[in-house]
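Each residue of the sequence shown is one higher than the last, beginning at 3 in the working numbering.
Worth flagging that the hints you see were computed from the coordinates, not collected in a lab. Treat each hint with caution, since some may be false.
Using 25 Å as the maximum straight-line C-alpha spacing, the simulated PhoX-like pairs for lysine-lysine come out as follows [to be verified]:
| # | residue 1 | residue 2 |
| --- | --- | --- |
| 1 | LYS388 | LYS449 |
| 2 | LYS510 | LYS734 |
| 3 | LYS449 | LYS107 |
| 4 | LYS343 | LYS413 |
| 5 | LYS388 | LYS358 |
| 6 | LYS395 | LYS449 |
| 7 | LYS107 | LYS476 |
| 8 | LYS320 | LYS343 |
| 9 | LYS413 | LYS107 |
| 10 | LYS734 | LYS524 |
| 11 | LYS540 | LYS320 |
| 12 | LYS510 | LYS476 |
| 13 | LYS358 | LYS320 |
| 14 | LYS395 | LYS322 |
| 15 | LYS24 | LYS620 |
| 16 | LYS734 | LYS16 |
| 17 | LYS449 | LYS476 |
| 18 | LYS16 | LYS770 |
| 19 | LYS742 | LYS770 |
| 20 | LYS540 | LYS510 |
| 21 | LYS524 | LYS476 |
| 22 | LYS343 | LYS358 |
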Amino acid sequence: MEQSSQRRRLSVDKLRWTCDPKSLPLDSSSEKKPSLEIIGQERALDSLRMGLSIRRQGYHIFVTGTEGTGRTTTIRRVLEEPNGHIPDLEDICYVFNFEDADSPKLLHFPAGQGRDFQRRMAHMIASLRRHVPYLYRSESYQKRLSRLERSFRQMQEKNARDFSEHARQNGFALVEMQTGSYSRPELVVIAEDEELEITELGALVQSGTLSEDDHLVLVQNYEKLSDELKSVMRSNSRLEEELRREMGRLQQSVVLPLIRDGIEILQSRFDTTEVREWLEQVEEGLLEEEWIPSEDEETPAEPFFRYTVNLLIDNARKDKAPVIIESSPTFQNLFGNIERKTLPGGFAFYDYRQIKAGSLARAQGGTLVIMARDLLDEQAVWPMLKRVLRNEKLEIMAFDPRNQAPVGGLKPEPIDLDVKVILVGDSELYNMLLHGDPDLQRVFRIKADFETDMPRTRGNLRRYVSFLRKVQRKDGLLPLTPGANAAIVEYGARLASRRGRLSTRFSKLVEILIESDYFARKMRAASVGVEHIDRTLKERSRRLGAAEQHLHNAFIEGSILLDTRGVAVGQVNGLFVLEQWDYHFGQPMRMTAAVSPGEGDLVSIEREAELSGSSFDKGHLILEGFLRHRFAGQRPLCLDASISCEQNYANVDGDSATVTEAFSLLSALSGVPVKQSIAVTGSLNQFGQVQAIGGVNEKIEGFFKVCRDRGLSGEQGVIIPASNADRLMLSKEVVEAARKGEFHVWSIRTVDEGMEILTGFPAGRQRKNGSWTPGSVNDLVDRRLEEMREIQKASK
3 MEQSSQRRRL SVDKLRWTCD PKSLPLDSSS EKKPSLEIIG QERALDSLRM GLSIRRQGYH
63 IFVTGTEGTG RTTTIRRVLE EPNGHIPDLE DICYVFNFED ADSPKLLHFP AGQGRDFQRR
123 MAHMIASLRR HVPYLYRSES YQKRLSRLER SFRQMQEKNA RDFSEHARQN GFALVEMQTG
183 SYSRPELVVI AEDEELEITE LGALVQSGTL SEDDHLVLVQ NYEKLSDELK SVMRSNSRLE
243 EELRREMGRL QQSVVLPLIR DGIEILQSRF DTTEVREWLE QVEEGLLEEE WIPSEDEETP
303 AEPFFRYTVN LLIDNARKDK APVIIESSPT FQNLFGNIER KTLPGGFAFY DYRQIKAGSL
363 ARAQGGTLVI MARDLLDEQA VWPMLKRVLR NEKLEIMAFD PRNQAPVGGL KPEPIDLDVK
423 VILVGDSELY NMLLHGDPDL QRVFRIKADF ETDMPRTRGN LRRYVSFLRK VQRKDGLLPL
483 TPGANAAIVE YGARLASRRG RLSTRFSKLV EILIESDYFA RKMRAASVGV EHIDRTLKER
543 SRRLGAAEQH LHNAFIEGSI LLDTRGVAVG QVNGLFVLEQ WDYHFGQPMR MTAAVSPGEG
603 DLVSIEREAE LSGSSFDKGH LILEGFLRHR FAGQRPLCLD ASISCEQNYA NVDGDSATVT
663 EAFSLLSALS GVPVKQSIAV TGSLNQFGQV QAIGGVNEKI EGFFKVCRDR GLSGEQGVII
723 PASNADRLML SKEVVEAARK GEFHVWSIRT VDEGMEILTG FPAGRQRKNG SWTPGSVNDL
783 VDRRLEEMRE IQKASK
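Use the sequences and the hints to build the structure in full.
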């Protein structure tokens, strides 16, 4: 089987793609204008441009992709492009509603006019407040006012005199009776030159001073005169009211020309129906104002506040559609707020002047970009955003930060929205919303998916190097040597996990550039070279790899059992990838299998201990299907088996261990020992075919490091799926060991190919009668299973 092993061993040139600096199509050192184009995201760009061009309900955009692929930068760049949508930018103001104080009105102006209207309105009110009191204090006005008051007072006095004379003729006098601070006119009887109240006449009758008949006449006259007095008082009250009306008319006749001049100037300058109608209400309100408060009245804390213009959106200095990237999408920041005002006594109230715009309102006519995960972290924001975008109306309301909910108060007139919203998130978040929220696709009909890699074409290589040059110039970094350019390109291929592709996670490249510049300056180099790139990558692994080092030490010290030499039955070295923050590393792990006659139960100890994820459990079920397909087509599977990832105490997931499980199980059943110098990774299907897995580079390097520190024997290596062979971008250290014949990588397409490498035994072929090549691994497995069937049959 050595021949089989040699045939499936990958040559050194297959383990890593090496970029020849001379092959790079652009000499970055001579580049004068670094490229600003967006690299490797053609599909996402087309989706973005389409979404931005369709200005219809529901055509908002959800951008997905891995962080670092340039999503936000690309969005900014695309939004700077002309897309055919040239909005008529508006200024938006809230003003007092004279018909309903709780429902502030909206006024719209062409961009730049809102500020002008606010300023001119404030100037008009200030001017009126200065000049109107002078008019009221003028000599001519005071004379007219005096004449008016005098004429009405004379009429009131004449009514009182006429009634008083009439009362005297009937034996009564009109006097003022004081009750506390209030005085009122009252009738008294004149008897024997004295003024007596009507109730005092009874005593005169008893004393004989006044006859019964005279007393009766006086009482009757008193009642009649009392009615007449009430009529006189009502007449004088009407005269008082008429005086006030006339004084009001006089005041208005004086102030109206001044007010109307100011209003007409504003109406002529801001000639729209809504502004004209509101200014008419302003005129009526101004005519009713108390321009000179009475000395015995307290001056209002905020007089004339109803005429203040709240400029909500000011586009005076904008010449293109606004683009707002909302980094903190709280309820207030996104939808706006009505801030609460508190008076000295502790009374709280809401005022239209305290209406504040959020980013949705400020993006009116343009685009609002929001990070989706930040938005979903905020209570009540996502349902409100959907409702606003669905209705295309924004209602600004007061928000209580203590209860994280809108509260009652003012209900301003809603804003008709013309905003394109772009949500930015990863694919996992998008899929979660897609399956849990049917409104997602009704509101965000356009999806722009950012790729994590792109083909390694000559054009993309040119763009790559151009990007590196742009970053170097923009951030003031040291220039890169041709070799350093090639090293960064190789790192991009490594990130893409495929030799024929390059990563589009450009933020990662920028990190390498910045850190390499640090090491180059530290070493007093004039430029960044390959040695600085290598130093950066090595230091990043050391800096971020504390967990990896702890595990590695455990392997070397023997506290975690793992053989890298010799053979064993039912025991295979598997490979996993662990993640620590943004650092991934491979970890070998011993996989063991134990078998006995039974009812066909295949037990995963990880699953029974609830240490496995759904993908891992699925792989275990596939392994059961593989055994039934291969060895139990016409006969029952009469074994019990348990499979375990030894010394694993954490959750495991993924199906990349199924091939390893299959090898350990086949070894346990056949009794054929497996080489412990080899580790395995791969996904299995029910027909015994080996499928691709993720993290292949990290897995190989994880096993290599253990073998290296224990001592390379020349027999050690890793078996991977053949479909992963084009994804190898192994470290230079692994490649060098392979070149020296100290470490190997094999690729397989089937379980049988892997068993031959692991055991040195032929896997065997199945004959037409169902039997296998005598002495092969599969034959030994089949015979053992038949023995177990006989044992089970005999036990019943």
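Here is what the structure says about each hint:
At most 25 Å may separate the alpha-carbon atoms for a hinted pair to count; LYS388 and LYS449 meet this at roughly 16 Å. For the hint linking LYS510 to LYS734, the alpha-carbon distance of about 20 Å falls within 25 Å, and the restraint holds. Taking the CA atoms of LYS449 and LYS107, the gap is near 37 Å; set against the 25 Å cutoff, the hint is violated. In summary, the hint linking LYS343 to LYS413 is supported, as the alpha carbons are separated by about 16 Å, within the 25 Å threshold.
Straight-line distance between C-alpha atoms of LYS388 and LYS358 comes to about 21 Å, which keeps the hinted pair within the 25 Å bound. Restraint check for LYS395 and LYS449: the C-alpha separation of about 23 Å stays at or below 25 Å, so the hint holds. Only pairs whose Cα atoms come within 25 Å are accepted, and LYS107 paired with LYS476 is rejected, the gap being roughly 48 Å. This hinted pair does not check out: LYS320 and LYS343 have alpha carbons roughly 31 Å apart, beyond 25 Å.
With a CA separation close to 10 Å, the supplied pair LYS413 and LYS107 stays within the 25 Å bound. A threshold of 25 Å between alpha carbons decides the hint, and for LYS734 with LYS524 the separation of about 24 Å falls inside it, so the pair holds. A C-alpha spacing of about 49 Å is found between LYS540 and LYS320, which places the hinted pair above 25 Å, so the restraint is violated. Pair hint LYS510 plus LYS476 holds up; C-alpha atoms about 16 Å apart against a cutoff of 25 Å.
Our distance criterion of 25 Å between C-alpha atoms is met by LYS358 and LYS320, whose separation comes to about 19 Å. For the hint pairing LYS395 with LYS322, the CA-to-CA distance comes to about 22 Å; that is within 25 Å, so the pair holds. For the hint linking LYS24 to LYS620, the alpha-carbon distance of about 48 Å lies beyond 25 Å, and the restraint is violated. At most 25 Å may separate the alpha-carbon atoms for a hinted pair to count; LYS734 and LYS16 meet this at roughly 13 Å.
For the given pair, LYS449 sits about 31 Å from LYS476 by alpha-carbon distance, which is inconsistent with the 25 Å threshold. For the suggested pair LYS16 and LYS770, the alpha carbons sit about 38 Å apart, so the restraint of at most 25 Å is broken. Taking the CA atoms of LYS742 and LYS770, the gap is about 44 Å. The hint is violated against a cut of 25 Å. The hinted pair formed by LYS540 and LYS510 meets the criterion: a straight-line CA distance of about 15 Å does not exceed 25 Å.
For the hint linking LYS524 to LYS476, the alpha-carbon distance of about 21 Å falls within 25 Å, and the restraint holds. Only pairs whose Cα atoms come within 25 Å are accepted, and LYS343 paired with LYS358 is accepted, the gap being roughly 13 Å.
In this structure, the hints that do not hold are numbers 3, 7, 8, 11, 15, 17, 18 and 19, in rising order.
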